[in-house]
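So the protein sequences, as listed, match chains V and F.
Our numbering numbers the first residue of the first sequence as 1 and each following residue consecutively.
Our numbering numbers the first residue of the second sequence as 1 and each following residue consecutively.
Honestly, I wouldn't trust all of these hints.
Claimed, not checked - Short, incomplete list of chain V residues facing chain F, as computed with Cβ under 7 Å: (1) Ile-8; (2) Leu-70; (3) Val-142; (4) Glu-145; (5) Gly-156; (6) Leu-175; (7) Val-183; (8) Leu-186.
Because the hints were derived from the structure by calculation, they are not lab data.
Note that the coordinates shown come from a computational prediction; the quantities given were computed from them, not determined experimentally.
Note that the Cβ used here is the ideal one computed from N, Cα and C, for glycine as well.
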Amino acid sequence: MIEFAREIPVLSLVVFTPVIGVAALLLVPGDRHRAIRWIALLASLASLAFSLLLIGYEPGGAEFQYREDLQWIPAFGMGYRLGVDGLSVVLVILTTVLSVVSILYSWDKIKTRVKEYYATMLLLMVGMLGVFVSLDLFLFYVFWELSLIPMYLLIGIWGGPRRIYATVKFVIYTLVGSLLMLVAILAVAIAHGSGGNEFTFAYEQLRGYPFTDGLQALAFVAFFLAFAIKVPMWPLHTWLPDAHVEAPTAGSIILAGVLLKLGGYGFLRFSLPLLPDAAVEFAPIVITLAVIAVLYGALVSMVQPDLKKLIAYSSVSHMGFVMLGAFVFNVQGLQGAVFQMISHGITTGALFLLVGVIYERTHDRLIAHMGGLNARLPRYAAMFGLFTFASIGLPGLSGFVGEFLVVLGAFQYNGWVAAATMLVVIFSAVYMLWMFQRVFFTVPSGWMRRWWPSLSDMSRTEWLSLAPLIVLVVLLGVLPGPVLNLTEAPVDRILELIAPSTGLTSLSLPW
Amino acid sequence: MNDPLNDLFTLLPELLLVSTALIVIVTDLFIPRSAKWVLTPITILGLLLTGIGCVQVWAVDDHVFGGFYVVDPLSTFFKGATLVIGLLTALFAPSYLVSRRLPLGEFNAILLFSLTGMFVLASSSDLITLFLGLELMVMPAYLLTGFHKTDRYSNEGGLKYFLLGSFASAILLFGISWTYGLTGTTRIAEIGPALGELGTAGPAVLVAIGMLTVGATFKAAAVPFHYWTPDAYQGAPTPITGFLSVGPKLGAFALLVRLFAEGLGPQRGDWLIVMAMLAVLTMTVGNLVALTQSNVKRMLAYSSIAHTGYILAGLAAFAAATTPAIQQEAIEAVLFYVLGYGVMNIAAFAVVGMLQRDPQRYGGLASFAGLASRAPALAAAMAVLMLSLTGIPPTVGFFAKLYVLLASVDAGLGWLAVLVALNAALAAFYYLRVIVYMYMRDGEEDPAPVDRHPFGTAALALSVAGVMLLGIFPEPILTLLRDSAAALF
């Protein structure tokens with residue numbers, strides 16, 4: 001049924017359908033809010049529909065499928081090269097789903113500069129999706145930067161009181177990393193080109209080329225900065241809490257759900273396969289930083305008075321798992337890292353959405369100002385509970401699978417590392433449950449009582465936007481197989497490329 | 001080669017340009033005040049005809065007038081870029097000048113003469129011609145800076161520019177005479193080999209190279225020879241500032257390419273480090289000072305210093321390159337940057353000028369506050385220009401930086417590339433501040449009125465379209481560049 005997807009440029013359609021939406025938006029007068037919302041929703045739904053065609057990806061077939069290969073700037077070996085493997089497929093679908101969720105959630109929430117808002121959201125989609133499907137380092141970089149500006153505007157225009165500080169910090173952090181990465185990309189391409197090869201930015205041609213140790217180390221550091229800032233890894237994470245607190249809800253959903261994954265994806269797609277020797281060399285440092293991030297994020301989360309900040313810091317901890325899994329270099333760790341990315345995107349996206357729901361009603365996010373909400377908003381409490389448990393990693397929900405696999409992988413690397421991260425599973429239960437208890441079970445605070453009569457449970461658009469995430473969090477928890485099947489081949493491929501550097505072969509490890 | 005008629009044909013662009021200037025002066029005398037606007041279309045027409053002239057001589061690669069003058073694709077490329085800059089300036093200036101009762105005819109004529117100077121500079125194959133072209137370029141520029149006769153700042157800027165500029169010309173001239181004394185020739189192409197015979201790094205050679213470097217980088221506004229820039233730029237009428245920040249700079253880089261890449265190419269080991277250091281110093285100081293400015297005009301003035309630094313990095317890459325292919329790539333990077341930067345910077349200054357319709361407005365950041373809701377199209381245009389100046393894809397500014405980075409890394413100057421990248425991130429801070437004001441702050445009580453003159457609007461639309469298109473599809477320009485830079489090798 002979805003075979004016809006191989007006949008059409010489906011990846012271009014996924015990436016550029018939102019651009020058609022933007023063009024349509026430009027033709028609509030700014031005060032026609034209804035029309036604007038529908039155009040944005042339809043454009044994102046169309047992109048989602050195209051992305052679902054990618055489920056037809058055949059894990060047993062070629063590594064990259066649905067390829068598109070066009071000349072762009074041949075003078076510099078830059079091409080419009082697109083293609084996806086299983087890793088890209090799951091992240092592309094995560095992106096389109098979360099974009100639809102954010103657009104739906106914003107439906108009746110955004111009342112100022114509506115047209116610009118939805119245009120920005122759609123442009124953000126283009127940048128993010130482009131990153132996941134590029135098979136050309138230059139094209140990848142262009143999309144990477146393209147995803148930056150819309151988020152900058154999203155936080156800066158529709159954000160909270162300290163939005164300008166937060167958004168400038170976000171941009172400057174990201175730009176420093178990405179500009180250094182650009183130099184590294186050029187250095188890698190030039191080194192490959194001067195080795196008697198064609199000068200090109202094509203990913204597959206650069207991958208596997210034996211770059212010298214010195215170049216690998218320098219390039220790895222540059223890539224690391226770009227990706228680690230995005231992930232974000234301790235100690236480069238300080239932009240994240242500010243950005244999250246000031247971002248509008250939909251911005252937070254995308255930021256936590258997808259933008260952080262750009263960093264994780266960068267490590268898996270570029271750092272490890274392109275620079276395997278340096279990756280192995282630096283692995284102990286990265287793992288140390290990852291463990292610190294895991295612990296630090298969890299500990300700091302415990303003392304956060306603000307709901308959004310708490311979830312932001314928990315992201316630092318969860319993304320630390322991703323980094324840990326990526327750098328222990330075994331199947332379980334890598335599979336866990338990928339799964340954790342997907343799961344974190346869903347649960348944290350949903351948690352930010354739910355925080356947005358209460359913020360809409362009370363204009364406050366301080367935990368101390370909440371309390372007793374279970375009595376007044378039972379359905380809302382149930383949903384919040386579901387995602388709280390998913391975030392803690394309760395078996396049966398998606399959060400469990402990723403963390404479990406990562407810890408399993410970490411055990412093969414080093415027992416102490418695994419033990420330290422296991423500790424965090426307890427910490428996360430502490431901060432999440434304690435937060436849940438203070439928000440939903442205790443006696444309502446004086447502040448909350450003022451809003452009490454006007455509090456209403458979740459609205460229809462809120463349910464609609466949350467629904468896909470509810471389905472996914474349960475489905476992936478019970479049936480992680482399909483995702484793991486898709487990501488198995490890419491993970492094996494990474495291990496294969498890195499095997500000569502580690503001296504291990506991926507298949508010899510016990511399961 | 002020595003057929004005088006053929007020599008004249010190769011001068012077709014210059015002849016057209018000078019004729020236009022003369023026609024403008026004469027027409028200005030005979031038309032009433034109410035019809036002065038027609039001088040702009042005349043200027044535009046003349047520039048377009050000159051452009052056609054450039055196309056006619058594109059294939060020419062010849063030394064004419066006994067070797068004093070060279071017409072090759074490199075010079076023709078510089079001329080083309082000059083015309084783009086001249087065209088935009090001529091379109092942006094009228095409404096600003098007319099609203100301040102400044103004479104349009106004189107402005108156009110002076111502008112055209114300055115452009116002629118840039119033409120001569122780009123085509124000089126002899127130190128004498130080079131100096132002649134340089135002076136023909138900067139003399140009108142001094143006049144333009146002080147063009148607002150009744151404005152103190154304009155006077156001050158003009159005088160400063162004139163005094164320091166003459167000083168720098170004197171140093172350059174001194175360097176030229178020193179070079180002549182050492183080599184016995186003023187032919188640019190013969191200097192390098194002649195100096196080579198003297199043996200490198202003798203103190204006399206270094207003095208000559210040093211003098212030439214100081215004189216040339218002064219014109220390009222490189223740190224530490226940049227002190228005239230902010231005052232001259234701030235004082236000049238805004239659209240003219242746009243021209244000053246790119247026109248004489250383009251000329252200065254034409255001079256640098258001719259003198260250093262062509263003339264002193266064999267000595268590049270001697271000037272590599274100086275050029276690289278100047279690049280680093282220029283971009284860093286330019287950016288750091290730009291960071292602290294609250295006046296957009298002054299901020300853009302300092303940022304134009306930073307851009308000089310990036311272009312110098314391209315020149316340093318030329319000096320460090322080990323193979324002709326990489327040398328050529330570095331020259332291409334310089335050319336591309338000069339052109340791309342020219343378009344985006346001139347347009348950015350023009351936007352500042354459009355917000356100064358009320359002559360009391362001085363171009364502070366506050367006049368940009370809330371612009372996105374008052375004038376969405378203008379704000380969007382300015383946002384694109386700011387992103388391009390920062391170097392965010394898909395704009396021409398990004399591609400220009402990429403080119404410089406590519407050349408630097410290719411030439412083995414990885415550290416310089418890293419510094420360029422870090423500087424670009426630093427620059428993002430103040431460029432994005434303009435976007436913050438336009439999009440994220442509420443407007444003032446009494447917002448600056450927006451100038452919507454049709455010429456200016458058309459030119460702005462044209463430049464923004466160019467900035468985007470060249471950023472996404474640079475291929476056509478790259479082909480031209482390749483031919484131009486190849487003329488040197």
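**Message:** For the restraint on Ile-8 (chain V), tell me whether the closest CB of chain F is nearer than 7 Å.
**Reply:** violated (23 Å)
**Prompt:** Under the criterion of a CB-CB separation shorter than 7 Å, is Gly-156 (chain V) in contact with chain F as hinted?
**Reply:** holds (4 Å)
**Asked** Would the stated hint for Val-183 (chain V) survive a check requiring a Cβ distance to chain F of less than 7 Å?
**Response** holds (5 Å)
**Item:** Restraint outcome when Val-142 (chain V) is required to lie within 7 Å of chain F by C-beta distance
**Value:** Hint holds; Val-142 (chain V) Cβ to chain F Cβ min 4 Å, cut 7 Å.
**Prompt:** Going by Cβ atoms only, is Leu-175 (chain V) closer than 7 Å to chain F?
**Reply:** holds (4 Å)
**Request:** Tell me if Leu-70 (chain V) is really an interface residue toward chain F, meaning its C-beta lies closer than 7 Å to one of theirs.
**Result:** violated (12 Å)
**Request:** For the hint on Leu-186 (chain V), just tell me whether its beta-carbon gets within less than 7 Å of chain F.
**Result:** It holds, given that the least Cβ distance between Leu-186 (chain V) and chain F is near 5 Å, below 7 Å.
**Item:** Restraint satisfaction for Glu-145 (chain V) [CB to CB of chain F, less than 7 Å]
**Value:** Glu-145 (chain V) check passes; min Cβ-Cβ to chain F is 5 Å, inside 7 Å.
In summary, the structure is inconsistent with hints 1, 2 from the numbered list given earlier, while agreeing with the others.
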